[in-house]
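*Asks:* Note that the protein sequences, when read in sequence, are chains S and L. The opening residue of the first sequence carries number 1 in the UniProt record's numbering; numbering runs sequentially from there. The opening residue of the second sequence carries number 1 in the UniProt record's numbering; numbering runs sequentially from there.
Misleading hints may appear alongside valid ones.
What the hints assert, rightly or not - BS3-like cross-link-like pairs, simulated, lysine-lysine; straight-line CA separation at most 25 Å:
| hint | chain 1 | residue 1 | chain 2 | residue 2 |
| --- | --- | --- | --- | --- |
| 1 | S | Lys-239 | L | Lys-205 |
| 2 | S | Lys-49 | L | Lys-49 |
| 3 | S | Lys-205 | L | Lys-49 |
| 4 | L | Lys-205 | S | Lys-224 |
| 5 | S | Lys-66 | S | Lys-49 |
Quick caveat, the hints were computed from the structure, so don't treat them as lab data.
So you can see what is in the structure, the chains are spelled out below.
Number of protein chains: 2
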Amino acid sequence: MNTVSPLDHVRIILSHTSHPGNIGAAARAMKTMGLSSLYLINPRLFPNKAADDRAVSARDILEKIKICSELDEALESTVLSAAITARPRGLSHEIFNARQGARELLRYARQQPVALLFGAETSGLTTAEVSKCQMIIHIPANPEFSSLNLASAVQVMAYELRMALIEHEEPIPPIGSPANFNELELLYAHLEQVMIASDFLNPQKPRLLMQRIRRLFGRARLEKEEVQILRGILTALGKRW
Amino acid sequence: MNTVSPLDHVRIILSHTSHPGNIGAAARAMKTMGLSSLYLINPRLFPNKAADDRAVSARDILEKIKICSELDEALESTVLSAAITARPRGLSHEIFNARQGARELLRYARQQPVALLFGAETSGLTTAEVSKCQMIIHIPANPEFSSLNLASAVQVMAYELRMALIEHEEPIPPIGSPANFNELELLYAHLEQVMIASDFLNPQKPRLLMQRIRRLFGRARLEKEEVQILRGILTALGKRW
Chain S
1 MNTVSPLDHV RIILSHTSHP GNIGAAARAM KTMGLSSLYL INPRLFPNKA
51 ADDRAVSARD ILEKIKICSE LDEALESTVL SAAITARPRG LSHEIFNARQ
101 GARELLRYAR QQPVALLFGA ETSGLTTAEV SKCQMIIHIP ANPEFSSLNL
151 ASAVQVMAYE LRMALIEHEE PIPPIGSPAN FNELELLYAH LEQVMIASDF
201 LNPQKPRLLM QRIRRLFGRA RLEKEEVQIL RGILTALGKR W
Chain L
1 MNTVSPLDHV RIILSHTSHP GNIGAAARAM KTMGLSSLYL INPRLFPNKA
51 ADDRAVSARD ILEKIKICSE LDEALESTVL SAAITARPRG LSHEIFNARQ
101 GARELLRYAR QQPVALLFGA ETSGLTTAEV SKCQMIIHIP ANPEFSSLNL
151 ASAVQVMAYE LRMALIEHEE PIPPIGSPAN FNELELLYAH LEQVMIASDF
201 LNPQKPRLLM QRIRRLFGRA RLEKEEVQIL RGILTALGKR W
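Please build the complete structure, drawing on both the sequences and the hints.
*Replies:* Below, the structure is given as C-alpha cells:
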C-alpha cells in the first residue's frame, strides 16, 4: 500500500545516544510496528557497524535517518511532542501513561507530524529537553527497577502506537463454524447414552453430571467439526456395548 | 512488600535461544515490569558473559534461572500456557492479541502458575511446542516485517502483563480449581490410548486429530474435577477393550 498511514507521521527522536547498537535496535523495533522516521540528536557514534548489526532488516530506516545538532531542529514542524521518561517528574506538563499517550499522539498524527523524544541511556532527558515537549509519557514499570533499555522503550511505545491504530478494527474472526443448538443437543444425548450404557452414569440421578458436561463444553464453544470428532469417538467407543 | 504478586506466578520460558545476549536482555525486560521467573529450554550458550552484560541489574533473575531439557519440564504445574508467535497459524488454538492474552493469563496468575513460551530467534516455535500450550498470543506487528527481537517480544508481553495488573482493579469472575499441565497431559494420553484401542485413531498418523482435541479442550480451560469426570468416562468406556 502506498497510502499514508498515521504511523508515517510519527517521528522517533533519540537524544545523545551512547551505544550505536541501541540505535540499530530502535530502528528494528520501529519497523516491526510500521514506524519509519528516525532522528538522532548528537549521537556519540553513528554511523557504526553495531547499529547496522542490530538493525537487521531495518537498515532502510538507518539510511534515511536525520542527524541533528539541536532538539529544535528535530522537532521542526511537529504539532505535538512527547518526552518519554521512566519516572514522571514534578513539572507542569500533562502526564500520560504509555497507552493514553500513544492514543493522544495518534489523534494528531492522522494529519500532521508528531514526535516522541527519548533521552540518553544513562542520564535520560534534561529538564530543558523535557520543557520543549508538550506532554510527558511515562511507561509504567517496576518502581524498584524502572530502567528500560532504550530500544525496549522505543518498542513499547511503537507497539502502543500500532495498537492505538488498530484497536477499533474488528476482532480476529473465529476459526471454523460454530456448532448450533441442535448439534450440541445431539452430542449431549449421545454422550449421556454411552455413559449410561457403560455404567458411568446412573440414570436415576443424572442431572448434576450432565450439567457439568454441558458447562465444560459450553465454555469451549464447540465448532461443527469438533462435534463430529467427539461423536465419532463416542460411536467408536460405543460399538461394543 | 513481601506479599505475592500475580506477576510472581508468571513464568517466561525461552526455548532453544541462540544468542545469550538475548537471555540477559529478556531478564532485564522482565525485571523492569516486575517479573522474575525465567526458564530456559536447551539454550545454545548459558551461562555466558554476554547474558550477564545485557542483564545489567537483572542478574538476580539469571542466578535463579531454571534450565530444562524438555518443554514438559518447564510447563510443569502451570494451569495456563501461551505460545507467543509472530503470525497466527492455521490449525491452532484460541488466538489472542498481546493485550487480551496478557489479561487472560493474569486472571489465572492470581492463583496459580502460568507460562509464556517464546521460540528460538530464527526458527520460532515448533508445531509440537505450540500444541502443548492452551492459547496462542500474537503480538500485532507490521505485516511486512513482523520479526521482533526476542527480548523486545518479552518486553512487550511483560509490559502488557503489568498494564493488566494495574489497569483493572475491578472484581474478577471466579475460576474453579484449574487443571494443571500434568493432569491435562494424562488426560490426552488416556484419550489417545482409548481412541487407538477402539480403532478411531490410526497411530500411524495421529497428529492432526490430537491437535484438534488439544485445541478444543485448551479453549475450555478444564478444571481439575472436569478432568476427573472425563477420565472417569474414558475408564468406564475403556473397560471392555
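*Asks:* Going back to the hint list, which numbers does this structure go against?
*Replies:* 3
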